[in-house]
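Asks: So the chains spell out like this:
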Amino acid sequence: MKANRLRTARRHIGAVLGAVVLLMYVATALLAPALTVHQPNAQNLMRNLEPPSREYPLGTDELGRDILSRIIWGSRISLLMMLAGVAFSGIIGVLLGLLGGLSGPRVESLVMRAMDVLMVFPPILLAIVLVTALGRGLPSLVVAIGIHGIPQFTRLTRAMVMSLRETAFVEAARAAGARPLEVAFGHVLPNCAGPLIVQGTLVSGTVVLTVSGLSFLGLGVQPPTAEWGTMISAARLHMYTYPHAVMYPGLALMLLVIALNALGDGLRDFLDPRFRR
Amino acid sequence: MTAYFIRRSATLIAVSLTAVTIVFLLMRLIPGDPVQIYLGPDASLEEIEQAREHLGLHRPIYWQYFRFMVNATRGDLGRSIISRRPVSSEIARTFKNTLVLAATAIAVAVLSGVVTGVLAAVKHHSPFDLASMVVAVLGIATPPFFLGLLLMYVFSITLRWLPSSGTGSLAHIVLPSVALGTPSVAVIARQTRSAMLEILFCDYVRTARAKGLPERVVIFKHALRNALIPVVTVIGLRFAYMVAGAVFTETVFRWPGMGRMLVDSVRERDYPLVQGIVLVAAVCFAAINMVIDIFYVWLDPRIRARSARAEG
Numbered sequence: 002m003k004a005n006r007l008r009t010a011r012r013h014i015g016a017v018l019g020a021v022v023l024l025m026y027v028a029t030a031l032l033a034p035a036l037t038v039h040q041p042n043a044q045n046l047m048r049n050l051e052p053p054s055r056e057y058p059l060g061t062d063e064l065g066r067d068i069l070s071r072i073i074w075g076s077r078i079s080l081l082m083m084l085a086g087v088a089f090s091g092i093i094g095v096l097l098g099l100l101g102g103l104s105g106p107r108v109e110s111l112v113m114r115a116m117d118v119l120m121v122f123p124p125i126l127l128a129i130v131l132v133t134a135l136g137r138g139l140p141s142l143v144v145a146i147g148i149h150g151i152p153q154f155t156r157l158t159r160a161m162v163m164s165l166r167e168t169a170f171v172e173a174a175r176a177a178g179a180r181p182l183e184v185a186f187g188h189v190l191p192n193c194a195g196p197l198i199v200q201g202t203l204v205s206g207t208v209v210l211t212v213s214g215l216s217f218l219g220l221g222v223q224p225p226t227a228e229w230g231t232m233i234s235a236a237r238l239h240m241y242t243y244p245h246a247v248m249y250p251g252l253a254l255m256l257l258v259i260a261l262n263a264l265g266d267g268l269r270d271f272l273d274p275r276f277r278r
Numbered sequence: 289m290t291a292y293f294i295r296r297s298a299t300l301i302a303v304s305l306t307a308v309t310i311v312f313l314l315m316r317l318i319p320g321d322p323v324q325i326y327l328g329p330d331a332s333l334e335e336i337e338q339a340r341e342h343l344g345l346h347r348p349i350y351w352q353y354f355r356f357m358v359n360a361t362r363g364d365l366g367r368s369i370i371s372r373r374p375v376s377s378e379i380a381r382t383f384k385n386t387l388v389l390a391a392t393a394i395a396v397a398v399l400s401g402v403v404t405g406v407l408a409a410v411k412h413h414s415p416f417d418l419a420s421m422v423v424a425v426l427g428i429a430t431p432p433f434f435l436g437l438l439l440m441y442v443f444s445i446t447l448r449w450l451p452s453s454g455t456g457s458l459a460h461i462v463l464p465s466v467a468l469g470t471p472s473v474a475v476i477a478r479q480t481r482s483a484m485l486e487i488l489f490c491d492y493v494r495t496a497r498a499k500g501l502p503e504r505v506v507i508f509k510h511a512l513r514n515a516l517i518p519v520v521t522v523i524g525l526r527f528a529y530m531v532a533g534a535v536f537t538e539t540v541f542r543w544p545g546m547g548r549m550l551v552d553s554v555r556e557r558d559y560p561l562v563q564g565i566v567l568v569a570a571v572c573f574a575a576i577n578m579v580i581d582i583f584y585v586w587l588d589p590r591i592r593a594r595s596a597r598a599e600g
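First to last, the protein sequences are chains A and B.
Residue numbers are given in this note's numbering: position 172 of the first sequence equals residue 173, and the series is strictly consecutive.
Residue numbers are given in this note's numbering: position 108 of the second sequence equals residue 396, and the series is strictly consecutive.
No lab work stands behind these hints: they were computed from the structure.
Remember, predicted model here, so these are calculated numbers, not experimental data.
No residue lacks a Cβ here, since even glycine has one placed at the ideal position from N, Cα and C.
Please note that the accuracy of each hint is not assured.
Stated by the list, open to error - Some chain A residues well away from chain B (every beta-carbon gap over 10 Å; in silico):
(1) 37
(2) 53
(3) 63
(4) 81
(5) 139
Stated by the list, open to error - Pair ranges (Cβ atoms, derived):
(6) A/223 to B/384: 28 to 36 Å
(7) A/18 to B/415: 18 to 26 Å
(8) B/348 to A/115: 21 to 29 Å
(9) B/330 to A/223: 25 to 33 Å
(10) A/54 to B/381: 43 to 51 Å
(11) B/411 to A/115: 40 to 48 Å
(12) A/115 to B/491: 42 to 50 Å
(13) B/339 to A/238: 31 to 39 Å
(14) B/324 to A/107: 40 to 48 Å
All chains should be built: construct the whole structure from the sequences, respecting the hints.
Replies: Structural data, given as structure tokens:
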């Protein structure tokens with residue numbers, strides 16, 4: 002029992018630390034104009050690839066742009082894409098899950114088979130194919146990074162709906178004359194909130210990695226927009242002599258993903274009844 | 289068991305057909321005339337018309353779909369726009385390299401992941417346990433391309449121990465396989481640890497200890513054998529991901545594999561090649577998953593018995 006409590010305590014610390022770090026990223030993104038001295042895209046070719054100095058705390062990149070400013074502004078695009086990607090997969094996934102769980106067995110099996118098909122494609126492959134087929138640009142990028150999460154949301158929602166639909170309060174709502182949509186959104190969905198939030202947090206780490214990964218490959222956010230994956234991709238050509246231009250954006254990315262994972266793991270213990278002991 | 293195998297194979301075929309269909313449709317979504325791309329900007333109207341007829345693009349879409357399906361089952365995936373060589377031979381060339389890389393990476397990951405997981409479980413709550421789990425968290429959170437660059441920086445730029453990119457010698461595969469395998473080490477170690485922890489408190493393990501068996505035998509013969517059943521699933525899944533998704537590692541280390549070819553062909557708008565690679569990767573992914581499922585049933589006598597009862 003002591004071990005169990007120790008584990009729980011460790012998880013709580015992780016969740017709190019994760020939340021604090023995440024809030025710091027959000028604050029940085031919101032306050033980007035106030036926090037930076039240099040413009041993220043302002044070039045100064047006379048002073049490119051400089052090591053960290055007083056004027057450029059993290060040095061400059063291959064075009065003489067301030068790396069710190071670009072990392073700070075880059076947090077905006079990463080967080081925005083994360084929100085958009087998770088919202089996309091969450092909304093579609095939950096709707097499909099409700100549909101699958103609350104309508105007849107025919108629709109249910111149709112929805113679930115469609116999800117099986119989506120899961121046949123390895124995530125990064127699916128993202129690359131979608132970016133190729135839908136063209137470059139932020140909307141198609143959101144679809145590409147969000148699609149992998151849809152089956153996870155759908156399966157989770159359907160599983161919860163299946164256990165909820167037999168409960169007394171749902172039956173009571175039905176008996177009181179609530180229409181199907183009212184039952185779905187007014188009575189079933191609010192009771193799925195906890196696990197869905199957990200799932201959203203866990204998916205967001207993957208989404209952040211996919212955005213930067215696609216950008217690293219040149220298929221995501223396009224230059225000159227300051228984005229961590231794009232920054233790493235451009236700077237790696239100079240890694241032999243100027244590693245700092247690769248390291249700092251990479252560390253920014255890593256820390257954000259660690260924070261999201263820690264928060265997700267901690268929230269799961271806290272909000273998901275299946276993991277609560 | 290046989291019935292299960294047949295059912296599972298049927299699913300694989302259905303899944304592959306769906307994958308072919310989706311890839312076919314997605315490729316038709318791409319804006320722009322494929323013939324124009326195929327022939328380049330200097331082509332005359334007449335040439336374009338001829339090529340259109342030759343490729344069957346003047347026929348209705350269901351006819352094109354049918355022909356694509358028939359050709360694909362015969363292993364004919366069309367020709368690359370850039371190299372003009374058959375897509376299937378282009379893929380065969382790079383697929384071999386990806387397979388070698390993925391096999392090495394999974395070997396690295398299984399060895400270090402299982403050992404770490406067992407040690408962490410046996411020395412439960414020790415500093416080693418804590419340290420290994422911290423490393424696991426880092427391994428999962430590090431972007432794969434960044435991990436590759438970090439390894440390259442430390443081992444080939446700073447220490448000059450290993451070559452940074454390309455192929456040719458045994459030393460060339462070390463860094464890419466470690467980079468590709470590390471996230472899996474983390475996942476496998478976590479899974480092994482939790483499976484071991486569950487089993488170490490089972491009655492039969494206590495019995496084995498009470499009989500006075502040496503701890504080594506208890507852990508490796510009694511506990512690990514059973515703990516490995518769920519771990520096998522994870523290992524297979526990770527391997528499937530590696531074969532289908534070594535994109536980043538191959539790009540960073542300039543490894544001439546299928547993933548790098550996919551990125552290059554997307555960039556060069558070589559759509560037949562993109563189509564072929566995605567198809568092969570998706571079918572491989574599904575096939576590996578099927579093998580895992582079957583292996584899992586075969587490995588776990590409880591499931592085997594249950595499915596035998598269901599059939600009988």
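Asks: Please verify that the nearest CB of chain B lies beyond 10 Å from residue 63 of chain A's CB.
Replies: holds, 15 Å
Asks: Is the distance from the Cβ of residue 115 of chain A to the Cβ of residue 491 of chain B consistent with 42 to 50 Å?
Replies: holds, 44 Å
Asks: A cut-off of 10 Å on Cβ-Cβ distance, and residue 37 of chain A was said to be off the interface with chain B. Does that hold?
Replies: At roughly 23 Å from the nearest Cβ of chain B, residue 37 of chain A sits farther out than 10 Å, so the non-interface label holds.
Asks: Could you tell me whether the CB distance from residue 330 of chain B to residue 223 of chain A stays inside 25 to 33 Å?
Replies: holds, 28 Å
Asks: Once the closest CB in chain B is found, is it more than 10 Å from residue 81 of chain A?
Replies: holds, 18 Å
Asks: Mind checking the hinted window 40 to 48 Å against the Cβ distance between residue 324 of chain B and residue 107 of chain A?
Replies: Between residue 324 of chain B and residue 107 of chain A, where Cβ atoms are some 44 Å apart, the hint holds.
Asks: May I ask you to check that residue 53 of chain A keeps its beta-carbon over 10 Å from the closest beta-carbon of chain B?
Replies: holds, 17 Å
Asks: Could you check the hint for me, namely that residue 54 of chain A and residue 381 of chain B are 43 to 51 Å apart, CB to CB?
Replies: holds, 48 Å
Asks: Looking at residue 139 of chain A again, its CB stays over 10 Å from all of chain B?
Replies: holds, 16 Å
Asks: Does the hinted range 31 to 39 Å hold for residue 339 of chain B and residue 238 of chain A at CB?
Replies: Holds - the Cβ-Cβ distance for residue 339 of chain B and residue 238 of chain A, about 38 Å, lies within 31 to 39 Å.
Asks: Should the hint that residue 411 of chain B and residue 115 of chain A are 40 to 48 Å apart at their CB atoms be regarded as holding?
Replies: holds, 46 Å
Asks: Return holds or violated for the Cβ distance of residue 348 of chain B and residue 115 of chain A against the range 21 to 29 Å.
Replies: holds, 26 Å
Consistency note: the structure conflicts with none of the earlier hints.
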